[in-house]
Structure formats: structure tokens, C-alpha cells
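Asker: Given these sequences and hints, build the entire structure.
So the chains spell out like this:
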Amino acid sequence: MNRLLPLNISQLHLQIDQRQLLNCINLRIVSNGICLIMGHNGAGKSLLLRCMHGLLKPNSGTVSWNHSGADIIETRQQQAMVFQKPLMLNRSVAGNIHYVLKLRNLPLSLCEHYLKSANLESKGEQAARSLSGGEQQRLAIARAIATEPAVLFLDEPTANLDPQATRQIESQVLNAMHQSIKVIMVTHDIAQAKRLADEIVFMQTGSVTEHTDAKQFFTQPHSDAARDYLSAYLH
Amino acid sequence: MISFSEIFSEFTALLAGPDPDLLEIVFLSMQVSLTATLLACLIGLPLGALLAMRDFPGKWLVTVLVNTLMGMPPVVLGLIVYLMLSRSGPMGFLQLLYTPAAMIIAQTALVLPIVTALTRQLIEDSWKDYREPLQSLCVSPWGCVQTLLWDNRFSLMTISLAGFSRAISEVGAVIIVGGNIDHLTRVMTTAIALETSKGDLALALALGFILLVIALLVNATVYSTRMRFA
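Residue numbers (this note's numbering), protein chains in the order written: chain A, 4 to 238; chain B, 4 to 233.
Simulated pairs of lysine-lysine, DSS-like, Cα-Cα distance not exceeding 27 Å:
#: 1; chain 1: A; residue 1: K88; chain 2: A; residue 2: K105
#: 2; chain 1: A; residue 1: K60; chain 2: B; residue 2: K131
#: 3; chain 1: A; residue 1: K88; chain 2: A; residue 2: K119
#: 4; chain 1: A; residue 1: K88; chain 2: A; residue 2: K60
#: 5; chain 1: A; residue 1: K126; chain 2: A; residue 2: K88
#: 6; chain 1: A; residue 1: K126; chain 2: A; residue 2: K105
#: 7; chain 1: A; residue 1: K60; chain 2: B; residue 2: K62
#: 8; chain 1: A; residue 1: K105; chain 2: B; residue 2: K131
#: 9; chain 1: B; residue 1: K62; chain 2: B; residue 2: K131
#: 10; chain 1: A; residue 1: K88; chain 2: A; residue 2: K197
#: 11; chain 1: A; residue 1: K197; chain 2: A; residue 2: K218
#: 12; chain 1: A; residue 1: K88; chain 2: B; residue 2: K131
If you are wondering where the hints come from, they were derived from the structure by calculation, not from laboratory data.
Only a predicted model underlies this, so the values are computations on that prediction, with no experimental measurement involved.
Answerer: Following this line, the structure appears as C-alpha cells:
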């Protein structure tokens, strides 16, 4: 069982500059596996991800991991997040992995393993910023996994990537899941969601309208919003 | 009116037969300006980074103040340091007036706002991209400063060069706190000022060219380092 689960979100509201961006979110994530957050642009998916990770503080409501009122930093240290546009530190590929290994007091010898997992073992000495978009995203995921998180947040990691690069990222995500890391990921790609998801959280205009098993979501979505979303992408 | 050939012959004479007095002046110029730049960087780089990354009441005022101090006239700064170090001043007991140490203090104070203000702007721009990923990794505030300074190291080298250029080329502050004493506090710029006042313009200009060559060598060294490791 994952050490941070279950995740309980209760009555979460987020308002920025007088705009209600997340509205009364109630969510309970219990099981391991891959949870995908889907919805139209501006639905609040990335904001919800940031609230879960503690990067954004909601105006009201609670985000609780494993029933504990643990310090937000303590919880965040057991999580990792990969952003849509990953930050590459201005150092070598291996240097990027070394950075997080040092930060978590882990042996630097693990670097080789993580580079291999990202299929970047031959590029260890290359400047990280000279990698292609797909390679940078693979490095960002490997760097995140190198922190040995219990939960991995991914914010549209395959946006703007070609199918081959997308498959490689998906393979990394599945490997993370097999290491008992809970993956919570934002995506717009329905085909990808079908390939990866165990459960789906569907959002519309700042609210969660559906949280269900992936098979159920794709065959018989409960909400009209989800039906419209799926049909719009299928036709 | 002096001719270019006169200046050139003085310049080649200075380079051909290295005069011990000249070498002493060049060495002291480098010692004072490099030390001042180093001190200003040690203080200014982390200070500029902190100023960029931390929010506090009156931050805009501090930013405007630091930016304004970049334009501080060296003569005014020299006068302030002079008053501080003079016998009746608050730091008079240190007895540093008319020593290289006083010149280093004056040049550090001159370079510090340049390094701090330019670093603040550079790091503020980077911080927009780094803030969330570093927060996500729970990097400490000091760790964030170190990461940002290291990742911007090549741009910071250029900022340090700007500081060094300001230090090596200024005359107003060092002449007030150093006094241009032969074999003790005479540097390139004060020597140029002295030769000009004596009417030996050819020698003054030749010394100016040597100063330019020194600045060129320092810049070339830093640039080649950057090209090698960037």
C-alpha cells in the first residue's frame, strides 16, 4: 500500500484575483495505480494538481494525505512533480540527476540506473538543455522518480510530443506505477488515457463532475459534460 | 599638440623595457581592483539573488535604491569613505586612510551596487521558471540561491566583469582615499591623472593604453573560460 494514500480533498475552494477557479472539490483517492485528471482547457486540472502537491494554498477546504495533518513540506518531500514545460537545470544530464540525489541524501551511484530508465545512459555528459523536447521530458520524469516519491504528479507530460516520444514517456509512467508510485496525471489525450488510466477524475469549470473507474468512464460516463467531452474528441 | 607616433613610441618603450615602477603600479591596480570585485561579488551575488527571490515590505524601495547607487559618482563615494576612515570618522581607529585597504573599501562600495542590481534583475527573470520546480523539490531558501547562482554562472561572470571594469577604470574614489602616494597607493588611473597634470600627455595616454590592454586580457580570459565550459 502506498504510504501517502488515501488522499482526501474536502470542500476545497480556490480563488485568485476575485476569480473562483476551483469550486467545492471533494475527492477521495484510495488505491494505487494511475489516476488521470481530464477536462477542457481552463477546467482547473493543473490548479487541482498544484493544490494536491501543496504548491497552491486553497482559500478554504483541506487536502489530507494518509489521514495525517503532517507538515506540508514533510508531505511534499514524499512527492514529486513534473511540469508541462520541464525545468532543465543548467548542467549536464547526469548533473540533473545528481542534483536531486544530493538533495535527498541518496547515493550518486544510482544516477546510472535512472539514466538507463530514461534511455539516456549515452548522454550523461551532454548539457541537459541541448536535449530534444522528448528527451528533456524523459529526464524530468527520471529526475522526479530519483527522489523516490510515493506520489508522482505529471502535468501534461506528453503535450507537443510525437507518438514515439509519447510512448517512451508512457513506458516510464507505467514503470513508476509498477514501483508502487501513485501517479496522478493531467492529460487531454483520450487514447493515452485509455492506455494508462485506472481511474479518471473529470473536471468542468473548476468542479469535479465525475470520479470513476477508467473503463466505466469511457463506456458509460455519468455526466453530460463527460459525454460531450468524449464525443467531441471522437468525432 | 601631441602626435600619435609620440604616444606609440612611449607605449612601446613602456612595454619593451619593463620599468619596475610601472610594474608595481600595474600590480597594485590589479590587486586592488580584483580584490574589490571579488569582495563585491561575494556580497552582491547572494544579496542580489535574495532580493530577487524574497518578498518583503519596501522591496521596491530597496530595489530602486540599489539601482540608483549604480550611478553613484566615484568622487562622492570616495569622499564618504574618506570621512568614514579619517581620524575623526567612525572608522578612524583602523588607520586605513591612504593605504591600499582604503582603496579596496572604496572600490568595493562602488562595485557592490552594480553587482547586486544586475544580479537581482537576472535572478528575478530566472526565478519565474525555477520557483515552482524548486518548491516542489523542497529546496531550502539558501539552496535556491545556490542553484540559481550556479545555473546563471556564465551571465554572472559578465556581471562580475562589468564590476571589474568599473573598479579598474575609476580614479575619483581611489585618489581621495589613497592619496596617489608613490610606491604605496599609486595605481594606473591615478598615475594617468598625475602625468596629465604634469603635462606629459604622451606618457599619460600610453599608460591608458596599458590599462586598456589589461582590461582586454581579463575580458579575454573570462570569455574563453565561458566558451570552454558553456
